[in-house]
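Participant: Single-letter residue listing:
Number of protein chains: 6
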Amino acid sequence: MAIADPPAGEVHDAVVRALAEDLTPLGDLTSALLPDGTACEADFVPRRDGILAGTACATETFAQLEPAVEVSWAAVDGDPVAAGAVVGTVSGPMASVLTGERTALNFLCHLSGIATITRRFVEAAASGGSARIWDTRKTTPGLRTLQKAAVRAGGAVNHRGNLSDWVMFKVNHLEVLGIAEAVAVARTTWPGRLVHVEAIDLEQLTQALEAGADAVLLDNMTPEEAKAAVDLADDWAAGHGGVRPLLECSGGITVETASAYSAAGVDLLSSSQITQSAPALDIGLDIR
Amino acid sequence: MAIADPPAGEVHDAVVRALAEDLTPLGDLTSALLPDGTACEADFVPRRDGILAGTACATETFAQLEPAVEVSWAAVDGDPVAAGAVVGTVSGPMASVLTGERTALNFLCHLSGIATITRRFVEAAASGGSARIWDTRKTTPGLRTLQKAAVRAGGAVNHRGNLSDWVMFKVNHLEVLGIAEAVAVARTTWPGRLVHVEAIDLEQLTQALEAGADAVLLDNMTPEEAKAAVDLADDWAAGHGGVRPLLECSGGITVETASAYSAAGVDLLSSSQITQSAPALDIGLDIR
Amino acid sequence: MAIADPPAGEVHDAVVRALAEDLTPLGDLTSALLPDGTACEADFVPRRDGILAGTACATETFAQLEPAVEVSWAAVDGDPVAAGAVVGTVSGPMASVLTGERTALNFLCHLSGIATITRRFVEAAASGGSARIWDTRKTTPGLRTLQKAAVRAGGAVNHRGNLSDWVMFKVNHLEVLGIAEAVAVARTTWPGRLVHVEAIDLEQLTQALEAGADAVLLDNMTPEEAKAAVDLADDWAAGHGGVRPLLECSGGITVETASAYSAAGVDLLSSSQITQSAPALDIGLDIR
Amino acid sequence: MAIADPPAGEVHDAVVRALAEDLTPLGDLTSALLPDGTACEADFVPRRDGILAGTACATETFAQLEPAVEVSWAAVDGDPVAAGAVVGTVSGPMASVLTGERTALNFLCHLSGIATITRRFVEAAASGGSARIWDTRKTTPGLRTLQKAAVRAGGAVNHRGNLSDWVMFKVNHLEVLGIAEAVAVARTTWPGRLVHVEAIDLEQLTQALEAGADAVLLDNMTPEEAKAAVDLADDWAAGHGGVRPLLECSGGITVETASAYSAAGVDLLSSSQITQSAPALDIGLDIR
Amino acid sequence: MAIADPPAGEVHDAVVRALAEDLTPLGDLTSALLPDGTACEADFVPRRDGILAGTACATETFAQLEPAVEVSWAAVDGDPVAAGAVVGTVSGPMASVLTGERTALNFLCHLSGIATITRRFVEAAASGGSARIWDTRKTTPGLRTLQKAAVRAGGAVNHRGNLSDWVMFKVNHLEVLGIAEAVAVARTTWPGRLVHVEAIDLEQLTQALEAGADAVLLDNMTPEEAKAAVDLADDWAAGHGGVRPLLECSGGITVETASAYSAAGVDLLSSSQITQSAPALDIGLDIR
Amino acid sequence: MAIADPPAGEVHDAVVRALAEDLTPLGDLTSALLPDGTACEADFVPRRDGILAGTACATETFAQLEPAVEVSWAAVDGDPVAAGAVVGTVSGPMASVLTGERTALNFLCHLSGIATITRRFVEAAASGGSARIWDTRKTTPGLRTLQKAAVRAGGAVNHRGNLSDWVMFKVNHLEVLGIAEAVAVARTTWPGRLVHVEAIDLEQLTQALEAGADAVLLDNMTPEEAKAAVDLADDWAAGHGGVRPLLECSGGITVETASAYSAAGVDLLSSSQITQSAPALDIGLDIR
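From first to last, the protein sequence lines stand for chains F, A, Z, D, L and X. Letter by letter, the first sequence follows residues 1 to 288 of this note's numbering. Letter by letter, the second sequence follows residues 289 to 576 of this note's numbering. Letter by letter, the third sequence follows residues 577 to 864 of this note's numbering. Letter by letter, the fourth sequence follows residues 865 to 1152 of this note's numbering. Letter by letter, the fifth sequence follows residues 1153 to 1440 of this note's numbering. Letter by letter, the sixth sequence follows residues 1441 to 1728 of this note's numbering.
Honestly, the hints are just simulated from the structure, not real lab data. Some hints here could point you the wrong way.
Each computed DMTMM-like pair below joins lysine to aspartate or glutamate, with the alpha-carbon atoms no more than 20 Å apart [as the list claims (entries may be wrong)]:
(1) L/1322 / X/1722
(2) X/1610 / L/1383
(3) X/1610 / L/1434
(4) Z/746 / D/1146
(5) Z/746 / D/900
(6) F/170 / A/498
(7) Z/746 / D/905
(8) A/458 / F/36
(9) X/1610 / L/1193
(10) Z/746 / D/907
(11) D/1034 / Z/617
(12) F/170 / F/203
(13) F/170 / A/331
(14) D/1034 / Z/612
(15) X/1610 / L/1371
Please model the entire structure based on the sequences and the hints provided.
Facilitator: Given below as structure tokens:
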């Protein structure tokens, strides 16, 4: 089990659904026309450089279709892969290889696309400072587990897995509860969980600090504003035992701006783009 | 039932899965802290211009969470929506509205993103000629039905739904079977189905014409090459009762090049980008 | 809840599966072309006389597709219906009515077919004596609950629901265990359950009687042999408190022979034909 | 993968459901009474001649119950099998063999029954001309994939897999849309798909020809009327490049009439009987 | 297949659900931090004496997580196990062993807890007479099959598996139907099934005897009252061929009172405690 | 949405499974015998004092069975209920009320049993100090969401929802990683999540404090040892900004000892008994 591995059960179920949607009700009309006994060997080859993810899904696709198909990999999730280089090989009955090709590639291209853009964010952030990139709950419905594993393959970290993970007060909650009351009730009701508070300016940040939030999301600030927030929090921490909450910037984080936000000294930069708008990494399956 | 509507069963199941992944195992820790009886009204508001899709999923999200939440729409799937204009409204218990917000938006932003980029392709193609845009099987695993409905909302048409739909010989099949034999066995085995053949040059196109293919995929041709292919097929058709197969260009179709390909006279342009790499349309849920 | 009603959960799930197999992945291509707002009213009309069954499934089909469709019935499961007479009516958006038509009819025709042939067996048996018709576990995979309810609609009774219901020793079990030992171990291991023993001749019947079986399946006997078995069992019972086990004939029971078997005095006649080989009752949905 | 093979996922799921309905909640009460370690070998033996289908389901049944059971086959789906001849063998723990017996046989008898009657239709059609037999959407709910594979095992071809496959205008659609408009809107909305039109007389056939339908269903015609329709279509085709649409007869096609319809020159004969009303092929599992 | 084995499909599905609820959406955060390649061997060791049950679920847990994990057992379901003695061993990648530990133990402790308390009831009953212990339908929702198998592992027998198993008239039914009518209609509608009648006093018992019930539940009687009921039934039986229905005591059966009830001569004692309120048997997984 | 409410989707799915296991394959044989049109009103009445939980499941049970059944409640989850007092009422067709009775009660009794014993722990802890009770992952497989909601109904708080929630190093992990390294890698890999460390003595506690753990599980300590641990941590905190990690006692916490542990000054007491070994609260459904 490596850090970027999704749970086996999620891989299994996602592949069941994907194969069903590609084969219902009559199966692969075209591959069924190939002569019995035709075998082939085929290579997964990226058309562009990127970061690999989704290999477990590709392997599972062929395993569900036909146990006689063998899949091997020259790289693991999280590895950089180069355009034109073989990253994995499939061999077995040609009809089954071609029937599974698109399903396997749909997982591989989608998840590698996420890992690839994630890595660009990670490198951009590293070039400016020590901020980490993390993801959001803005994922594609039904694929969150797999997408968040691909984010880890890309070198970033996972924000909340879901609403059940930790407490996170957005502006809408805070208009009803107030920051101090919100944090207090969270501590009582859900002890042992991160309490994350959204702040849109330094005043709200101060309230969050005083309320004892574990993390503060600085919403839609410029890098300069973020720098001022970090300074404020550091000052505050100096007077309160030296520990300051995690500071996260959200809104407007792009590959271009990540370095500047990282340089501002915040701990984490969140991006919805890496899960919600990642272009697929073009990978082909080349029959030898 | 409008042309862009996905089957109700698919909407239901996709929402079940999306809510489960956002709420397992403890539910929404944060919204549970809101005082009982707090109600709210909130508007779906796009942050950018685009084409709407996914409203059925957003409605279903709240229906599954809490029947007391009401959802209404000022637009239907396929309508253009403007940045800042309200496209729909949710009202009911605030805790449920906030719990469902992200799931509903994940559907709406993802599917509207697909509809939006699809419309751009459609308009580009229309500016050059009469070619239609259609999609591919390069979809996100588990979401094909919803994505293909969003493509229709964008004004394009659907290529094969899946491998069970029609016969499509790719190069890999043809290296085993040969074009003439392939088309013949398809006619015998699967009568009444489109037989689609991939061709990478005019020689293969000629073979496909002679074999009687219903559609020919011109793979990775330039607009000029596509024009030559159209001319060849038209000439051939003139000598064979006037009917020529559908001609489709695939590979290298972008919003920038679609007009030129359309001008070449082909019937259909396929794009994997519209399902596989569509950026989400940013839509928010603004509490009044 | 009437005796012929299947559990609601089974109806729900069977319809989910049936609609999915008819609509994946793109929905009803044809009905989507009808102009929005087209409504219709349509009648379920048998083309031949028969016994109605499956109405709950037909109702559920339209409920899952589109709540605006209304379904009403002029008869209930188990009622005789006449060729040409309206047994139910559907009204609502025409596209949804036509989309659901085949799924609803597939349930209705299949299950009414079962009820219809069952009724013929029941009437045949009644003409010869007081034997009841019951079904078997020879059902269509995945549809047992619905088929056994249709058997009840036809006026027959249900044999074992499944392997978990009661103990039934077939010849294969008895060759390992012996009748006396088999019945004894069943009494110890599964008290309070029917113990049913297969017997192919009077000697085995005698053993079953002495072992205290609750029911004996007389396998592949002629009516005359069955009569001798009944006499033997009655004699035996006269000397043992007057109670004899249920006697069931199996093998060779047809509509033609049921009367003779019934006249032989056995209690039950089992037929696999009523679930495994029942021709569909032809029912149409006529648009007014 | 042979032409008659159903997708592995469908086989898996159908067997899961079938075993659950036969074993919930306590399992096989009777076989559990056999002494531990009792093994057996048993043969699948048809009681009547027929065509084999469903072997994948029978194999999967035992695989899910107990991996120690081994199943081998002397024939494949589509092979003719003779009464009394062994077609397959099961060996392993006797309790598991007996527990799975009925479920395996229910698949085998039902699907072989379909293949068997299909073959009779196929041979009848071949005796009169070159018309092919194809199936319909009148299938048993939840079993369409398996039934359509059994139809292929019987030597016939598959009509539409479902409503998402191709466009088919029945009389009810045409009363709203008109034939010319219907075909036109189908071409625009669903390019690359077969457009099938129902016609009840020569006038409607002429309209369908002029509208450019790809296939015409001649509904409830006699063989003589069908012959006239073929002639009309051939004449029309002679004046329009030589290509005429597929012509299909539906309604009243039986094993007795298939030869005459085939002789009329139509391309395809559709029968609902082969899926909806096929008697099971009686196959037993004989313990050695 | 031993008598205490649950059906494999139920084991599979229960484990799928249990792993999903423990791993959604991100997997095991902690074990993912272990160095790759760390392996371990670990022993299942009860902390207290008891009866083992649930081994199939524990084995399946690791099989679903990671096929490289091997599980072996020194005891089978139903065996007594001693505090401190190894009952099974797991070996393989440490991360997977720790990820599956709790799920495997949750099954094992829960089901062994049921087997353990069941055995105490069984031994108590045996000390007073020959009454058997059986369970009820008061099970934990979703776990009935597994719990009833654990009851068998404990040495008791299973009452009804569910409402579909046999007919059982409780006081509520009898107030509507009357005992004589109830038994009569059950015989007609569901022949071949046990008819069980609840009786709260000797008058109702007499009615049940006269109605011909197969089993009578003596509700909430003291051991002395139960003895009187047995005597009454025995007297009645002496005058009616010697066969008396099964007599079951329900209500107030505890480990302390079971001996006295057994001594009263009834056949069966039912306890809801063994499934509904069994304390878990504490079993640990000790890493070597 | 109140704090003790489980997500609606989990309630729905749990009830689907529970009804299926009680009704497959033939439904409720007994209630089907009641005369059509018999209606009734029935009250949920606890036989003992306790805390109510599971009302959503009971309501859902009848909703799935038959919409005509109405359910109303005089109390909500978390309310104390008294033996003999009506807590809810069901009215509608008697057959459906009796069919759903056991399933509804199984949820209600099981979950109220959890809430009831939880409340006893909560009150015991409150009598000694301010420690809160929380649960564990030792739950009944498949029911964690519902059980953890019942724990909240009982007034306690939820520990980790599952392995994906937060990082928790047990002794087994720490033997491989060491406390300092473990905490460090957790901070890097999973920022923003609680890091929980198990300590069996003061030396390990010191290491955990120095490593910066957010919470420390004091395993199997006596109240006196726990007091010493609290003192040590408080001293340490005084020198490190005043903030000390959460301290949790685990092992040996019972209703009898909870007060002493609470008095020791720890923050949280975990008990597996409240989910794993809670006796059902006896609740009946009394027909009026």
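Participant: Decide, hint by hint, whether the structure agrees.
Facilitator: Cross-check of the supplied hints:
no.: 1; hint: L/1322 / X/1722; in the structure: 18 Å, holds
no.: 2; hint: X/1610 / L/1383; in the structure: 60 Å, violated
no.: 3; hint: X/1610 / L/1434; in the structure: 18 Å, holds
no.: 4; hint: Z/746 / D/1146; in the structure: 18 Å, holds
no.: 5; hint: Z/746 / D/900; in the structure: 18 Å, holds
no.: 6; hint: F/170 / A/498; in the structure: 64 Å, violated
no.: 7; hint: Z/746 / D/905; in the structure: 16 Å, holds
no.: 8; hint: A/458 / F/36; in the structure: 18 Å, holds
no.: 9; hint: X/1610 / L/1193; in the structure: 16 Å, holds
no.: 10; hint: Z/746 / D/907; in the structure: 17 Å, holds
no.: 11; hint: D/1034 / Z/617; in the structure: 16 Å, holds
no.: 12; hint: F/170 / F/203; in the structure: 15 Å, holds
no.: 13; hint: F/170 / A/331; in the structure: 17 Å, holds
no.: 14; hint: D/1034 / Z/612; in the structure: 18 Å, holds
no.: 15; hint: X/1610 / L/1371; in the structure: 49 Å, violated
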